[in-house]
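Those protein sequences? They're chains W and Z, same order as listed. Using my numbering, read the first sequence as starting at 746 and increasing by one per residue. Using my numbering, read the second sequence as starting at 5 and increasing by one per residue.
One or more of the hints may lead you astray.
Claimed, not checked - Covered by chain W, according to a simulated footprint, are these stretches of chain Z (three or more residues, beta-carbon under 8 Å):
#1 29-36
#2 124-130
#3 150-162
#4 168-177
#5 342-353
As the list claims (entries may be wrong) - Calculated lysine to aspartate or glutamate pairs in the EDC-like style (CA-CA distance at most 20 Å, straight line):
#6 W:Lys-897 with Z:Glu-287
#7 W:Lys-897 with Z:Asp-155
#8 W:Lys-897 with Z:Asp-152
#9 W:Lys-762 with W:Asp-810
#10 Z:Lys-203 with Z:Glu-287
Simulated from the structure, these hints should not be mistaken for lab results. Keep in mind that this is a model prediction, so the values were computed, not measured. Note that the Cβ used here is the ideal one computed from N, Cα and C, for glycine as well.
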Amino acid sequence: MPDSSSTPKNYLGVPVKRPKVAFFELSSCEGCQLQMLNNESSLLAFLDLVEIVRFREAMSGGGDDYEIALVEGSVTRSDEVERLKIIRAQARLLVALGSCACFGGVNQLKNRFPLDWVKREVYGEHPIDTAPARPLSDFVAVDLKIYGCPVKKEEVERIVTDLVIGKDIAYPDYPVCMECKANGNLCLFELGEPCLGPVTRAGCDAWCPNSRAGCWGCRGPATDANLAQMLAIMDERGFSRETVIDRLECFGGFASQVAALRAAGGHR
Amino acid sequence: MKVDCDISVRHLTRVEGHGNIRIRIEDGELREALWEVVETPRFFEAMLVGKRWDNAPWICGRICGICSIGHTLASIRGVENAFGIIPSLQTARLRLLLKHMETLQSHVLHLFFLVAPDFLGEASVLPLIRSRPEVVALAAGLKGLANDLCDEVGGRRLHPTRTVVGGFTMLPDRRRLSGFRARLLEAAEGLKQAAAIFKGFRLPDFVRETEFVSLKGEGEYPFIGGSLISSDGVTRPEPDYRLMTNEYLVLQSTSKWSKLSRDSFAVGALARVNNNFRLLRPEARELAREFGLVPVCHNPYLNNIAQLVECLHVTGDAIRLLDELLGSAWEQPRLEVTPQAGRGVGAVEVPRGILYHAYEFDEVGRIVSCDCVIPTSQNHANIQHDLTALARQSARQGLGDREIERLAEMLVRAYDPCISCSVH
Ligand code: SF4
Ligand code: SF4
Ligand SMILES: [Fe+2]
Chain W
746 MPDSSSTPKN
756 YLGVPVKRPK
766 VAFFELSSCE
776 GCQLQMLNNE
786 SSLLAFLDLV
796 EIVRFREAMS
806 GGGDDYEIAL
816 VEGSVTRSDE
826 VERLKIIRAQ
836 ARLLVALGSC
846 ACFGGVNQLK
856 NRFPLDWVKR
866 EVYGEHPIDT
876 APARPLSDFV
886 AVDLKIYGCP
896 VKKEEVERIV
906 TDLVIGKDIA
916 YPDYPVCMEC
926 KANGNLCLFE
936 LGEPCLGPVT
946 RAGCDAWCPN
956 SRAGCWGCRG
966 PATDANLAQM
976 LAIMDERGFS
986 RETVIDRLEC
996 FGGFASQVAA
1006 LRAAGGHR
Chain Z
5 MKVDCDISVR
15 HLTRVEGHGN
25 IRIRIEDGEL
35 REALWEVVET
45 PRFFEAMLVG
55 KRWDNAPWIC
65 GRICGICSIG
75 HTLASIRGVE
85 NAFGIIPSLQ
95 TARLRLLLKH
105 METLQSHVLH
115 LFFLVAPDFL
125 GEASVLPLIR
135 SRPEVVALAA
145 GLKGLANDLC
155 DEVGGRRLHP
165 TRTVVGGFTM
175 LPDRRRLSGF
185 RARLLEAAEG
195 LKQAAAIFKG
205 FRLPDFVRET
215 EFVSLKGEGE
225 YPFIGGSLIS
235 SDGVTRPEPD
245 YRLMTNEYLV
255 LQSTSKWSKL
265 SRDSFAVGAL
275 ARVNNNFRLL
285 RPEARELARE
295 FGLVPVCHNP
305 YLNNIAQLVE
315 CLHVTGDAIR
325 LLDELLGSAW
335 EQPRLEVTPQ
345 AGRGVGAVEV
355 PRGILYHAYE
365 FDEVGRIVSC
375 DCVIPTSQNH
385 ANIQHDLTAL
395 ARQSARQGLG
405 DREIERLAEM
415 LVRAYDPCIS
425 CSVH
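So here's chain Z without its partners, still in its complex pose (with noise of 0.2 Å):
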């Protein structure tokens, strides 16, 4: 059968920011398919010049509200690799537990929230408070832990109040920290009914060969600082950022685009799992076997799946870093910081990929210029490429309009995309 589709979805919804979807099949011939991204730039790059140091993680915090706690971590990490400053043994473990706990209720959110409804055919999750109580009580109870443990640690589980250069304003009540420990315990058991569930749904089946970038793990999963790799082959430092980001601008998008060995690549929870699998915690990487997800794996839908197992593997390990803070009697929360001037970079793997803040410095500590590549930015051409591929498919297949949109759809839901945060 040869198919005539025209789709146009104009602000795709279940997706943060603003993003349209355009396709156009004639008489079985793919004539376009666009990924357009029309959101309105905020220019944070422009606003910090001549501002001083200490308003860098705090302004920057709020380029994105879902990941404003991976946006403070980076930007901070830029300022104190420019300053010289290591932080704490204490506040690395802090740092990476409130890390652990946003990548928690940000996969939580986008698995439940904004993709279970298309398996179960439902607009939202809102009708599922009726149909489905369970599953909404589920995810709502995984949520609601870590952003309380976001709130103990960062002081605020959005734009977090307490994370500064040096280290942080306040340490948690050690007494409410232990009582987190048997919450995460139940949500690991939480995660193994959502498995259960998430096992029901029929993922679409469609691969295309893709290049994936994410910090290079040594000794442990990453997710702050450390070197860069792509499955292609390429290791950079983390100050050499530009060489794996490669940034330019196209006409369809606010967003800029990214590339490295080939047209685009893809950065996210399918890109760690794919170049760090064997770090991941036993339990998560047998969760991932029993998807199917084994490295390296080229079909983007599986995106969601590596988030699920990543909410395995943070909630284990935020359970050893609770146990490694309580062992140990607390130091003083944050380093005294002395500005200085020179560059740095903070490379951070946030939900929906790995970020980047470089900012470079004068003297008494101002910031002379600043740039910030964003995980969704890099992922945007990637997209493209997958929806091209993906209609040119549909189109083979002979598939109607609609069974059309909802592949396009659920495609650019996969990558979890941070429109707003992208373009910045």
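For reference, chain W alone in the conformation it holds in the complex (with noise of 0.2 Å):
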């Protein structure tokens, strides 16, 4: 640590105490916590706010007196169950970090499948303990979330430091259009290219449309997302809906959209 005592930082000239902080990780790609590390630029800055006193992936050794507990990943067997309870326990804060962690994420999709075959599949008849992915939510208590596949660095670091001031943290509850229109890009359905932005909860600045890459959904569904209304774009466009479910079921957000849409139409 730069300074491991909990000296008295300002904030508009407002002494902070800084935070102790740590970083945990469940089934994940661990990406959402590389990106924290990603943020050369303002890395030291947050640094400065907060005490990191647990992150595996980059420090040995760790404190366990933590007040803000990240957790990245989702929960797919009963060790992480028994280690979410643990962190669940001692931290003030628990913060769902990313896409995986929020819903499940990518590993959700092999939910759509019998376990026995899922393990079948990739090893064969050697046992191997795994049980169905899912979001921390359905086993402790979750104080916030911060969705994302990857979550934004620039979000992070503003939610952290909302918290650490004690401002209360507002997510956008429109969807990803907005942003989207805001930054003068060129429609994807123009360009002949499906995406979910009508519906998906904004706050990524629209990451994706802005490199001309239709939405997939990672941050879930925004506030007064309109289903139908999308739909009925993507079928005026003529996709599929094998097109459409595999995006909306591709991170976990829409799992109810998704089992709705299944049961309408026999899709697998």
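Fit the two chains together into the complex; they arrive one by one in their own frames, and the hints show the way.
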């Protein structure tokens, strides 16, 4: 640590206490954690604001006296449930970091199949322990969710800063389309590509559409998402229900919507 | 002196994913040396079944947060090979440039954030922010450049957005791209300082004869596609990768293991440098020689140096690619994709070694089966054999617990294992 004592830092002239923060990962690609190290320009300022006591990917040792736990990944094995409960008991604030933690993420795609088949497909007859992939909130109370696959580092830093200075955390409730249009992008539907921007929660600044890649809904549904209207657009543009379901179910945020679509249409 | 030693490291730090080390020495005799992988499997090869081809790179990139670009490119290559798509020269150059910047950022992350603290006697890079600010600034600068260029070419540094089957959704901005030339030149200078820092570190003296597997370079140092080679003399075409990897299952690991001509083999920067030394850029080859890294080098700790050598190589080659790209007018970014039934394999050298993605498609382009063989899973058996030999050597030398533990941790770290990726 640059400074192990909790020296008060100033924010707008007001001293704030550096909270002790720990990072944990369950079943994940560790990409969300890595986003924190990937922010070279603001990493040092961020480290000034919080005291990181545990970050296994980057440091040896570490303390168990953390106040904020940022947990990445989904739960896919019983020992992960135990680890999660211990973290919950210690942390004042438990934050689900990224789509795996919030919704099960790409990992929950295996839940489409019987578990026995899944195990055999990859490990044959070799014994292997696994359970359906689940979000953290299926097992413990989650105080805050930071969406995205991966999370947007600016957003994590802003949210943690707001936490430290005791500001209310506000999420946008409008869809990605609003940010995309504000950025002056040419709509992907005009380019002949499908996009879930009309129904997905904003906050990523239309990360994918800015690169002319259609949205796959990694942040889950916007508060006022109009799924029926988006399905009508997809139909009108000739995109199959399979294409729409592939995207809606990719990160697990639209689980109930996908179940309803499947029930209605008999899709695989 | 006869030593007793009982070491148990649960969830080794400063590596990606979850692995344990156990070493037990009694009265100078090695009883047990174990490299255990306890990571939870995520079953990517099952979740892809029934999905359409366009899902593959998007989902499979999520196998790994550190080398998501490499996974995405291997996946794309597997799909393109199945559909008989040959990417344009422009696409090939952009992909290689992107690949180079992932190699640079991953190697720098490993060398400075994960490895250097061992040599500087710290638990992490954090104390170095105070004690060695120039080292941290150097690393942050190199990583920042690599990540920024990944954003420019791939749309995003982690889980890239623009890389698709057939090419790119969008091309980089020419003016911004040309702005990277100066930063790359600066990075090449920075790497010389990095080399000077690493010259101050004493790498452990440990050698175990090993078979090394990598892509075989034809005219240039290999990163994307081509035939497969081992330092024991095996060569195979890319689609026959399974004859190179021979995966099998063991109880001590949720990751599969591999072998070829011997009980185990190694992949990664050291394997690439060993197998393709003469194809390195001259300045990179020179740097290797300064560290005593000449083929075939059998000291696994020198994988760190091989990474440093590759940093210099990819930085120089990135300047060449940049000049070639800026010297020609933009063509269309992507080709039309027509799915067809069949099988395709993509072999790509990612930071930790050779990676394979293989897919079988039905006639409408749905995935029938999928197989991914990860560099670290190919390395696990070799790590185990190295660990056993290291523990035995340490017992003979009468080293103490703490020193053995340090050497063992550094050994595993030298492989830069990406454990969650190896289990996938
Ligand atoms: S949400 Fe995405 S980036 Fe984050 S850990 Fe899961 S797969 Fe990786
Ligand atoms: S590209 Fe996607 S996010 Fe942007 S306006 Fe069109 S539908 Fe909305
Ligand atoms: Fe695999």
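For each hint, the structure was consulted:
1. 29-36: violated (count 0)
2. 124-130: Held - the stretch 124-130 of chain Z has 4 residues with a Cβ nearer than 8 Å to chain W, which meets the minimum of three.
3. 150-162: holds (count 5)
4. 168-177: holds (count 3)
5. 342-353: That given contact is violated, which follows from only 0 residues of the stretch 342-353 of chain Z lying within Cβ reach (below 8 Å) of chain W.
6. W:Lys-897 with Z:Glu-287: 37 Å, violated
7. W:Lys-897 with Z:Asp-155: It holds: about 13 Å lies between the C-alpha atoms, which stays within 20 Å.
8. W:Lys-897 with Z:Asp-152: 15 Å, holds
9. W:Lys-762 with W:Asp-810: 15 Å, holds
10. Z:Lys-203 with Z:Glu-287: 16 Å, holds
This entry does not satisfy hints 1, 5, 6, going by the numbered hints stated previously.
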